[in-house]
Every structure is written in C-alpha cells, then in structure tokens.
Amino acid sequence: MPNFKEKLIHYQYLIRNIRDFFYSHNVVEVVTSSLLVSPTTDVYIDSIEVSVNHALSKSSKFYLHTSPELEMKRLLSRGSGDIFQICQVFRDNEHGRINSNEFTMLEYYRVGFDMHQLIDEIKELLITLGKDDAIKKISYAQVFSDIAKIDILNSDFEDLKNILESHGLNSDYEYIEDMQMVLFVHLIEPKLKTIPVCFIYDFPKQQAALAQIDGLVAHRFEMYIKGTEIANGYQEIQTSKEYRDRFEIELDKRKSLSKSIGSLDEDFLDDLEDGLPPCSGVAIGIDRLFTSLSL
Amino acid sequence: MNYSTSQFKNGLKLMLDGNPCSIVNNEIVKPGKGQAFNRVKFKDLITGKTLEKTFKSGESLEAADVMELEMQYLYSDGEKWHFMDPASFEQFDLGEESMGAALNYLVEQDNCIVTLWNNNPISVSPPNHVTLEVIDTDPGLKGDTAGTGGKPATLNTGVVVQVPLFVAIGDRVKVDTRTNEYTGRA
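Chains as they are written, first to last, in the numbering used here: chain A, 50 to 344; chain B, 49 to 234.
Source of the hints: derived by calculation from the structure; they are not laboratory data.
Just so we're clear, the structure is a prediction, and the values are computed from it rather than from any experiment.
Where is the CB? At the ideal position from N, CA and C, for every residue including glycine.
Please note that the accuracy of each hint is not assured.
Here are a few chain B residues that sit away from chain A, every Cβ distance over 12 Å (derived from the structure) [said to hold, decoys possible]:
id: 1; residue: G59
id: 2; residue: N74
id: 3; residue: I76
id: 4; residue: P79
id: 5; residue: G80
id: 6; residue: G82
id: 7; residue: A84
id: 8; residue: E100
id: 9; residue: T102
id: 10; residue: F137
id: 11; residue: G148
Here are a few chain A residues that face chain B, going by a calculated C-beta distance under 10 Å [stated by the list, open to error]:
id: 12; residue: R146
id: 13; residue: D195
id: 14; residue: I196
id: 15; residue: A197
id: 16; residue: E226
id: 17; residue: P239
id: 18; residue: Q256
id: 19; residue: A258
id: 20; residue: N281
id: 21; residue: E291
id: 22; residue: D294
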C-alpha cells in the first residue's frame, strides 16, 4: 500500500502521462469556462446553481459545468481541430461510493475520427498508462445476447416489462431506455467485473444522448474497467438543429419527471450554425481511472 | 413501516416476495447517463438462499418484523427442537427443516441465537465456538502430540470433524461452527 505522498506522486505521473500522450499526438490542451448561463439538459444529471454578483446588489444565476462538452464543441465549431481538457466538473444530487458532487474529467475530441477510431486511440492511451491487460470490445446488443440471451434492440416496451417481471424486478418505468438501463445494471454490469477493460459500443438509439443514430443503434460507447463505468463517448452529431432536437427531447423528459428545467443555451446553438466537423469525443473519469489503474 | 433505498444498509431486514430477507450487500449504481439504482444482495431468512435485486433509487420495501434473541436450547422430541427465551421464559420450537447447520452443533442447555419473524422462530444460529465430545474415532498414534496428521472423529451431535491423531474417544474438543473445524481440546 503506497503511502500518501507516493500516491500523490502516482497521480502526478498519471496526469503528466496523459498530457504527454496528447501533446505527442498533436491534440491541443484547452481551458473552457466552468461557469455557464444554462444548466445541463441531461435528464439524469443536475447542474449546481450558483449566484454571482456583477456589482453591488446585482446578481444573477449561473451553473457550474457538469462536463466541458458544449464549451469544447464551440471551439470545435470555430476550427480548433483536435482538443483535450482536464478539469473539475460539478454535479448536484450525486451519492454513492463512487459518485461525488465534484470530480476530475478528461474530455477530448478527435476531428475526422469515427467511434471505432476513437476507441482504438483510447486503447493506445490505456496501454501508455500501463493498463495493458486484455482489452475487450463488444456491442451493446452482443453483450445482452451473450450474457442474458436478450435481443435488446428488438425488444419493445412490453417485452422489456415482461423480462423485468421474469427477473422479479419492478417494471414500473415510463421510458424504454430506463428499462434497458436497469437490465444492464442488474444483469450485465456484475458480469463485467471479471473483465479488465471492456468497451461497449452501439447503444440502443433511445440512449443516443448526443451520438449519431444509425438504424436501431447510436454510435455511442462506454468503457468499463472491472465493471465500473469509466468513460462515455460519441460519434458526435453535427448540426445545430440536431442539438436543438436532442436537447428538447431531454427537457421534455425532465419535465415529465418533475425535474428543474433551465433555458436552452441559445448561444451554443447559434455558434453551431455552421455545424461541427465530423468528429468523435469522449469523457473519461480520471478519479475512477486512477483507482482502477492500481487494481 | 417501509424503508426507502436511501435507508438500505447491511443487516436491514425487509420483506421480499413474501419472505423476510436480510441485506447482505447494497451497492448504489448511477450510470453516467441514467438514473441511480440500488443493486442489492439479500439473504432469504427462511430458505437461506441469496438473491439479487435492482431497485430504482427511491423505491421502498416493507420492513420485516425480525428479531434475533439469545435463547437456551432445551431438548428435541425427535420432531421439534425446543428453545427458551431466558428473559421471558417463553418457549419456542422449530422443525428440522429450520434447524439447518445448528443441528450439528447444539447440545442441551447451550445458548444460541434464534431468529423470530412475527414472533415465530424461523432459524437458529449456533454459537461460533462449541465444545463437543468425541464418541467415535480411530485410535490415534501414541505420542503424536504435534498434530501433524488428521483423522475423522464423530462428535456427540453426530457431526464429523477432522481432528489431530492424538484425539481419543471421550475427549472434549472445541469446534468452530462457521467452518466445521477443530480448534483445540477443551
């Protein structure tokens, strides 16, 4: 068990190795604002609201970023090319052993990469960081079929309700994606604990978030290290209209769940008027990665 | 009375599918893009089986009226095993199917933990360490006091335990009931 100072030095090496990796790949380090005018629209992530004084007795509400995603996409839309950022992010209403209201995120974007090319590069990054165990890559549909014999992409709302009930689980869900997720948490995730590194890609389209949809799937992926979710990435949607549509779907869902709703970030949508270049991006939880590297 | 997922902790007794269960492990899982869930491992206090369930955070389950009381084992009439709460002198009995591993270790007058559900006994846990008498074992090698080898010995409850070669019929031995291992002579 390394002592406290050794641990700090290990952490320093991790951050330095990540920076070296990106510098050598000509990915530019950026810093974006963490104080935003609009809260996240993400259904199950809540922004922390802060009050900021501009002048005496003149204050307004801001929101701490839950991820630097949109601010970095503004840079991409302005021609930044490949970029990365390591920063603190903030989320309200988080609890649990491996969840926190503040954590360190590595977010990076690769122009011209599709999802599979980005996954390949993350594998290369992991190997650089000393994680050279066997790395598995499997589609969301395949992992459900292999482990649970469920055809997840072709199971409709009623099918999933029946599957939940057959496992003795509550089937009182309003959205099909929530049922897909509870089945993933209940049946699949525990089996990933024996796999050193596992990429799962092509999520059902209902869980697209901001990833490109292609038929029944969205080009979104997650990386699990011994069953813990460490990273989430997309082959990114590109047009302002697509972003507006996805945000509105999320806001509608927040509304139906009686969650707080903020205004859309119109400045972001304006900046994206000319669209993003074709690109893929990923967010990696550095605290969890650090813990998993010493496992 | 109900407990919500935020109150879940190890050892909490809850009703699940009509049976009283105890939480063995409670893990909060919050997918990056999803709602929080509790992935919970339970032990069914009647069947002894382990089961796993996943709940939406915020769901709740009915509390199970389960009490664990230290009682004295009185006797068995062959069909039922009889126990007494030394505080109230109230007596309880259990059938063989509820006795489980306790059958292997309990001798009359021993204290043990009896689990009551709605005031009915459902299971018995023997003490972690019991002292029992050897009623049958092969003669050991004289002088083998180092205990280098081992041999089976039948104890007065009928349970068979590996003992060192020097242990003889009539000896009283200590046994760890969780592992069924000999820990020494009494």
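Hint by hint, here is what the structure shows:
1. G59: 17 Å, holds
2. N74: 10 Å, violated
3. I76: 3 Å, violated
4. P79: 6 Å, violated
5. G80: 5 Å, violated
6. G82: 4 Å, violated
7. A84: 7 Å, violated
8. E100: Given a closest Cβ separation of 7 Å, the condition is violated.
9. T102: 4 Å, violated
10. F137: Correct as stated: the minimum Cβ-Cβ distance to chain A is 41 Å, above 12 Å.
11. G148: 24 Å, holds
12. R146: 7 Å, holds
13. D195: 19 Å, violated
14. I196: Not OK, violated: I196 of chain A not within 10 Å of chain B, min 14 Å.
15. A197: 13 Å, violated
16. E226: OK, holds: E226 of chain A within 10 Å of chain B, min 8 Å.
17. P239: 7 Å, holds
18. Q256: 7 Å, holds
19. A258: 6 Å, holds
20. N281: 5 Å, holds
21. E291: The hint is violated - E291 of chain A has no Cβ within 10 Å of chain B, the shortest such distance being about 17 Å.
22. D294: This interface hint is violated because 17 Å lies over the 10 Å limit.
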